[in-house]
Amino acid sequence: MGRVVLSPVQRVALARHARLRFDKLRDRWILLVPEKVMVPDAICVEILQLCDGARSIGDIVNTLSKKYVADPGIIEGDVLSILQSLADKSCLQIATAAEGAA
Amino acid sequence: MSADDFRIIAPEGAAPTAYGLPLAVLAELTHRCPLQCPYCSNPLELETSGAELTTEEWCRVMTELADLGVLQIHFSGGEPAVRKDLVALVRHATEVGLYSNLITSGVMLTKARLVELADAGLAHVQISFQGAEPGVADRVGGFRGGHAKKLEVARWARALDLPLTVNAVVHRQNLHQLPALIDLSVELGAARMEVAHVQYYGWALKNRQALMPTREQLDVATELVEAARARLRGVLEIDYVIPDYYARQPKQCMGGWGRQFFNISPSGKVLPCHAAETITGLRFDSVRDHPLEWIWHNSDAFNCYRGTGWMPEPCRSCDLREVDFGGCRCQAFALTGNAANADPACAKSARHRELFQLAEAESAATPEGFLYRNFSGGSRERR
Ligand code: SF4
Ligand code: SF4
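Residue numbers (the numbering used here), protein chains in the order written: chain A, 1 to 102; chain B, 1 to 383.
So here's chain A without its partners, still in its complex pose (with noise of 0.2 Å):
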């Protein structure tokens, strides 16, 4: 398998062992891989929470920009970057557009 270089048609959500849960006692997102605990920003949690394995980077996308009334090209620069180095540390499940979701 390489590495997957991630587009806006892409649909993710996160792999079966990258958990992200709201803990309690810290008063803070927790995304938890093995051996690491990572604290993602507010930003970060409100995109993973959108990767549902349903919506395509894209949806995500327009989500955002919508949202923030922001330029969607930029949105789209952050969200790929963000979530390009999740997939990197193989934190994501990917499927593409035309495959049904993983």
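Careful, some of the hints might be misleading.
[Stated by the list, open to error] Distance condition first, Cα-Cα at most 25 Å in a straight line; then the derived DMTMM-like pairs of lysine to aspartate or glutamate:
(1) K24/A / E293/B
(2) K89/A / E223/B
(3) K67/A / D41/A
(4) K348/B / D219/B
[As the list claims (entries may be wrong)] Which residues of chain A face chain B? A few of them, derived with a C-beta cut under 8 Å, are:
(5) D27
(6) V39
(7) A87
[Stated by the list, open to error] Simulated coverage check for chain A against chain B, where a stretch passes if three residues somewhere in it have a Cβ under 8 Å from a Cβ of chain B:
(8) 12-23
(9) 30-38
Simulated from the structure, these hints should not be mistaken for laboratory data. Think of the CB as a built atom: it goes at the ideal place given N, C-alpha and C, for glycine as much as any other residue.
Guided by the hints, dock chain B with the ligands onto chain A, whose structure is given.
Below, chain B with the ligands alone, put in the same frame as chain A:
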């Protein structure tokens, strides 16, 4: 643990503290293991099966862990699969919301048991490899047929879609197989690999002469890992632990003593790190005697090296004292007799040069036969 874990994760706006809530726990379910690795991180004095915590005790402990703020539990050993109740323990971890990881040699797992573990909510599996092929691997592990079995188990895990980390402890006698170990990890479908040079305390200290890599081997290995990381970006993530004896700066061991991790021994002793028992004179508290929350805040073994107040020079006045916390206490104790001293891996330690020379001399000598790890104080390899 990775460097990212070092920062204390506290609620936004909270006042800074010397230590945080514990994030992750290494649960050593047993010291029993069919393998006999000469660098095993278990203590020389292994705990017997009769002393082990029961299923009920572990379940109570896991509930307490979750309440205390622990997020991840690494089931380890010895070989955790020796425990007949492993599936039940993983299930309980899932029920109380702990992220579970199984650190195993693999040799005792069956396909059916892996299915049960996956169903119980196991999040991740880490399998150790002692070499890239049976000749070296089975000799180092002291267990014939082990390597072949590990390959089978790793393939089952991936077929079940369990995420896999290949753990490779490397040393003078298997470093030549590092390229093949990296290829093997990719071939097995592991998303992560740990390449860890041996850390010398306990069993490994007894086998140091046979395990110490040459400086040249180390440099080659470091270059190989760098190149593989670049080549395999997005395919295989490689964590790399360098050998202290050739380092100039020590590791921030455990992210700082008692800051956010701990270890529970098979009989329930709560240890700031898995090698802490090598420091003689420390007193450890047991989950059988106190609630975990009490232990985390009050156990002397934790408080004695928390923060920086206990440090003598050169650490006391060093700018890096809150970066690496003076390195590894166990190594400082093993090499200087005082756990509070700077870890000799540090260039500022009075023992640093000596350490370097010792490593060079030992790595150049003909290796002795291994002293295999077992319950009878070790057995010398016959060659
Ligand atoms: S290091 Fe080797 S001997 Fe020690 S517990 Fe792990 S597999 Fe067993
Ligand atoms: S002197 Fe102590 S604190 Fe400073 S770098 Fe060395 S070990 Fe770390």
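Quick rundown of the hints versus the structure:
1. In summary, the hint linking K24/A to E293/B is supported, as the alpha carbons are separated by about 17 Å, within the 25 Å threshold.
2. At roughly 21 Å between alpha-carbon atoms, K89/A and E223/B fall within 25 Å of each other, so this suggested pair holds.
3. This hinted pair checks out: K67/A and D41/A have alpha carbons roughly 17 Å apart, not beyond 25 Å.
4. Distance hint between K348/B and D219/B is fulfilled; the C-alpha atoms sit about 22 Å from each other, no more than 25 Å.
5. Hint status for D27/A: holds, given a least beta-carbon distance of 4 Å to chain B, under 8 Å.
6. Against a cut-off of 8 Å between C-beta atoms, the interface hint on V39/A holds, since the closest Cβ of chain B lies about 6 Å away.
7. Contact between A87/A and chain B, as hinted, is supported at the beta carbon level, the nearest pair being about 7 Å apart and thus within 8 Å.
8. Counting residues of the segment 12-23 of chain A whose C-beta lies closer than 8 Å to any C-beta of chain B gives 6; at least three are required, and the coverage claim holds.
9. Coverage of the segment 30-38 of chain A by chain B holds. Counting CB-CB distances below 8 Å, 7 residues qualify, and the rule asks for three or more.
When held up to the earlier numbered hints, the structure conflicts with none and fits them all.
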